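Engineer: Listed here are the chains, written in short residue letters.
Number of protein chains: 2
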Amino acid sequence: MNPVRVGICGLGTVGSGTYAVLTRNAAEIAARVGAEITVSQIGARRDNPNCDIGNTPVSRDVFAVAENPDIDIVVELIGGTTVAKELVLKAIANGKHVVTANKALIAEHGNEIFAAAAEQGVTVAFEAAVAGGIPIIKALREGLAGNKIQWLAGIINGTGNFILSEMREKGRDFNDVLAEAQALGYAEADPTFDVEGIDAAHKLVILASLAFGIPLQFDKVYTEGISRIAQEDVTYAEQLGYRIKHLGIARDTEQGIELRVHPTLIPEKRLIANVNGVMNAVLVQSDAVGPTLYYGAGAGSEPTASAVVADVVDVARTLTAQPEHRVPYLSFHSGSLSSHPVLPISEVETAYYLRMSALDKPGVLSRVAQILSDDGISIEALIQKEPPEGANLVPMIILTNRTIEGRLSAAVSRIEGLEGIVGEVTRIRVESLAG
Amino acid sequence: MNPVRVGICGLGTVGSGTYAVLTRNAAEIAARVGAEITVSQIGARRDNPNCDIGNTPVSRDVFAVAENPDIDIVVELIGGTTVAKELVLKAIANGKHVVTANKALIAEHGNEIFAAAAEQGVTVAFEAAVAGGIPIIKALREGLAGNKIQWLAGIINGTGNFILSEMREKGRDFNDVLAEAQALGYAEADPTFDVEGIDAAHKLVILASLAFGIPLQFDKVYTEGISRIAQEDVTYAEQLGYRIKHLGIARDTEQGIELRVHPTLIPEKRLIANVNGVMNAVLVQSDAVGPTLYYGAGAGSEPTASAVVADVVDVARTLTAQPEHRVPYLSFHSGSLSSHPVLPISEVETAYYLRMSALDKPGVLSRVAQILSDDGISIEALIQKEPPEGANLVPMIILTNRTIEGRLSAAVSRIEGLEGIVGEVTRIRVESLAG
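One line per chain: the protein sequences are A and B, in this order. First residue of the first sequence? That's 1 in the UniProt record's numbering, and the numbers climb one at a time after it. First residue of the second sequence? That's 1 in the UniProt record's numbering, and the numbers climb one at a time after it.
In case anyone wonders, no lab produced these hints; they're calculated from the structure. Please read all numbers here as calculations on a predicted model, not as lab measurements. Just so you know, not all the hints are guaranteed correct.
Copies of one chain are not kept apart here, so a pair can be met inside one copy or by any two copies together.
[Said to hold, decoys possible] Cut-off 20 Å, straight-line C-alpha distance, at most; resulting in silico cross-link-like pairs (EDC-like, lysine to aspartate or glutamate):
(1) K170 x E238
(2) K361 x E224
(3) K269 x E238
(4) K361 x E119
(5) K148 x D233
(6) K148 x E36
(7) K170 x E389
(8) K269 x E169
(9) K385 x E324
(10) K220 x E196
(11) K85 x D47
(12) K220 x E349
(13) K170 x E347
(14) K148 x E119
(15) K148 x D70
(16) K269 x E347
(17) K170 x E268
(18) K90 x D61
(19) K170 x E232
Extracted from the complex, chain A is given alone in its bound form (with noise of 0.2 Å):
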């Protein structure tokens, strides 16, 4: 066969680990793909002085290579929304197949992009946008693809992981390690994306729609971060067997969709409750298989530039497929998208993990257990201490059985209400994970 011929764009992290990997591997890829995949240009507004690209030719305009004749596949490596969709929609007019990392772009604006590529018959093709180098999104498309995919459960953000492991293992406190976290580059300067759950909600999205077949509805994702977890939470959790990881959930019940990003309690004996650090893992349920689990590296220049290549190294072995002969963007046929709505999270079913401070008094759990009975809510489990010297506020600790949302929100209002109960009730979702 031909070479097949590659244009990347964007030379950052990513963009150098492909550019690395495609070279340095270059045998190997060739010989499982049956010919050469060579870069015959790269877009980049600047060089990167840490990625050596020998004689490539490189245009400062990255649209250039979405309208240069001598490509076949464009790596959108840039990032960010707004060049990024111009740039894809600009090579896919051009008859391009397009590989992407962009999980934002995906999860915003995929409906729209894969229209588009349907209409010339190209791929687009997204691995690197979910779990980095975990070949998750071919795993949910192909791999169980003779199931009915139940649910999901996610570790799908390495800088969350890495913060709530550190709280867990060194009792350190949320900001001390968000702190470290930035130092070593796992965060950004600005955390939100990660902290407050965005990033993991853009992937769960993606996630979603390959195992349901339903169209991807960023809006419609509930997302809770882990900034209000307080390290007694996590000491908590470990007391009651459980380990506190920051999920994204998504779940095809009879009423609809579940898709909510929050912490969550799982029990510590699960697999996934054992990915610690920077790791990602993703745990599928599926009517035929059971439960699976991937896990990996979920970001990183080489990591991420491994599910690259590995689109692009799909893309080359079907070059010339018919378009009806390849994988569908979305795992299901265009045509075949179910309508199922998403739920609002009020009417997600879960458990609770719940924290208040209580007056060190007669009564006060009596009044608080007599209004979760009322509300048809049991209590599975409950911690009670002593209060610390000198303090007239006790923590009380209780895990809920599996409630309707709305109905627990209600018993919390009424909770928070109540004379022996000071400040807010801390609440954390519980999942059990199991099949």
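Given chain A, put chain B in place with the hints provided.
Structural biologist: For chain B alone, coordinates are given in the frame of chain A:
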């Protein structure tokens, strides 16, 4: 697209599961493929009372399925390597694509089968042959296609993992758990294939070929079972911070490829050390992405069917693709296979756990240490216990550093010849499984 017509040969555990999944999930699968998948014929010597196949035509002669002009894909689920091989070759000769779950067939006759398939331009897919429902073959052939794969280590036999898990969790003996596994149907009446590692060796040969681009070489695998693991080894391993797992390990070294199945001590903190019961997992170390892990059910009716159906979907999605635009059978194109040799076990480098019975006399330990030291082997950890009341033999447990197996074997022979050492030295290999 026209319906894709499948013939299922074999209606046992996996065959009936495959029929059930294809039928139950027909709508999802059609939406993913863009065409219906229909089971046009079943070849089975007898009915399966647990499988309602409706009006599907049945042939008592499985070869009739391979001859049926109205069938696109022959699914071989009869097992064994005699009739199955003949069936697969006949289907290929008739221009049909083949999907099989048969690890022995692929491991022992894959080179011949793939050559025949290449000549006819048809696909032979075998995701279900390794680790049941885990899409590990897809991960190696496609998901990690940008990487040089450095090594992989897998828990790829559920029976063995169940036995070792029970030994650790409940302090039970090997024979006791094996009897239970047989009663539960996890282990065959003749457990040799599972317990002595032959099943794992079949799977390892396939994984190594996909990872390193070498031909299938079943006769070169070093295979050691778990039947000689004593309860006390499990306990001592735990005291040292390890778990014993029956692993298939393949490693690419400068000298050659390591291919070995044996019980292995691995640090308890590794995610794969926490894969328990009948579950499987494969850990893959690659140069770009680093470690990735794939976890799920490695056997059973519908978990295995999940992989069979994924292959059917893959074949259906590319039914009219040109052969050069399909994923190569063994990941690398056949003209590019490597002739890197497989290393004999005596040349493999690893660390060791040694357990021996020593007379409770001064100087025995120092003589053992001297022998190891003379061979350049150092002691990383040691457990020496008081002899039980009334006994004059003490157990002595040594963890060594990494060394060449041949050197270790020579040292062990000399240790066994020492006057103060009684009986044989138990040796179990130790792997850190760190990147």
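Engineer: All hints, please: hold or fail.
Structural biologist: Evaluation of the provided hints:
With identical chains, the CA atoms of K170 and E238 are at most 20 Å apart within one copy only, with a shortest distance of 13 Å there and 23 Å across copies. For the homomeric pair K361 and E224, neither the shortest alpha-carbon distance inside one copy (33 Å) nor that between copies (65 Å) is at most 20 Å. In this assembly of identical chains, K269 and E238 lie within 20 Å of each other by CA distance both inside one copy and across copies; the values are 11 Å within and 17 Å between. Taking the closest pair of Cα atoms, K361 and E119 never come within 20 Å of each other, the shortest separation being 69 Å inside a single copy and 84 Å across copies.
Taking the closest pair of Cα atoms, K148 and D233 never come within 20 Å of each other, the shortest separation being 35 Å inside a single copy and 42 Å across copies. Taking identical chains as interchangeable, the C-alpha atoms of K148 and E36 lie at most 20 Å apart only when they sit on different chains, with a minimum of 16 Å there against 38 Å within one chain. In this assembly of identical chains, the alpha carbons of K170 and E389 never lie at most 20 Å apart, being 25 Å within a copy and 42 Å across copies at closest. Taking identical chains as interchangeable, the C-alpha atoms of K269 and E169 lie at most 20 Å apart whether they share a chain (16 Å) or sit on different chains (13 Å).
Taking CA atoms no more than 20 Å apart as the test, K385 paired with E324 passes in neither setting, with 63 Å inside one copy and 68 Å between copies. Taking the closest pair of Cα atoms, K220 and E196 come within 20 Å of each other only inside a single copy of the chain (16 Å); across copies the shortest separation is 52 Å, beyond that limit. For a Cα distance limit of 20 Å, the shortest separation of K85 from D47 qualifies neither inside one copy, at 22 Å, nor across copies, at 56 Å. For the homomeric pair K220 and E349, the shortest alpha-carbon distance inside one copy (17 Å) is at most 20 Å, but the shortest distance between copies (53 Å) is not.
Proximity of K170 and E347 under a CA criterion of 20 Å is satisfied in neither setting, with 36 Å inside one chain copy and 42 Å between copies. Taking CA atoms no more than 20 Å apart as the test, K148 paired with E119 passes in neither setting, with 28 Å inside one copy and 36 Å between copies. Taking the shortest alpha-carbon separations for K148 and D70, neither the intra-copy value of 42 Å nor the inter-copy value of 28 Å comes in at or below 20 Å. Proximity of K269 to E347 under the C-alpha cut-off of 20 Å is found in neither arrangement, the shortest distances being 28 Å within a copy and 38 Å between copies.
Both within a single protomer and between protomers do K170 and E268 lie at most 20 Å apart by alpha-carbon distance, with minima of 17 Å and 19 Å respectively. In this assembly of identical chains, K90 and D61 lie within 20 Å of each other by CA distance solely inside one copy; the values are 13 Å within and 56 Å between copies. When the C-alpha separation of K170 and E232 is checked against a cutoff of 20 Å, the pair qualifies only within one copy, where the shortest distance is 12 Å, while the shortest distance between copies is 33 Å.
Taken one by one, the earlier hints fail for this structure at numbers 2, 4, 5, 7, 9, 11, 13, 14, 15 and 16, listed in ascending order.
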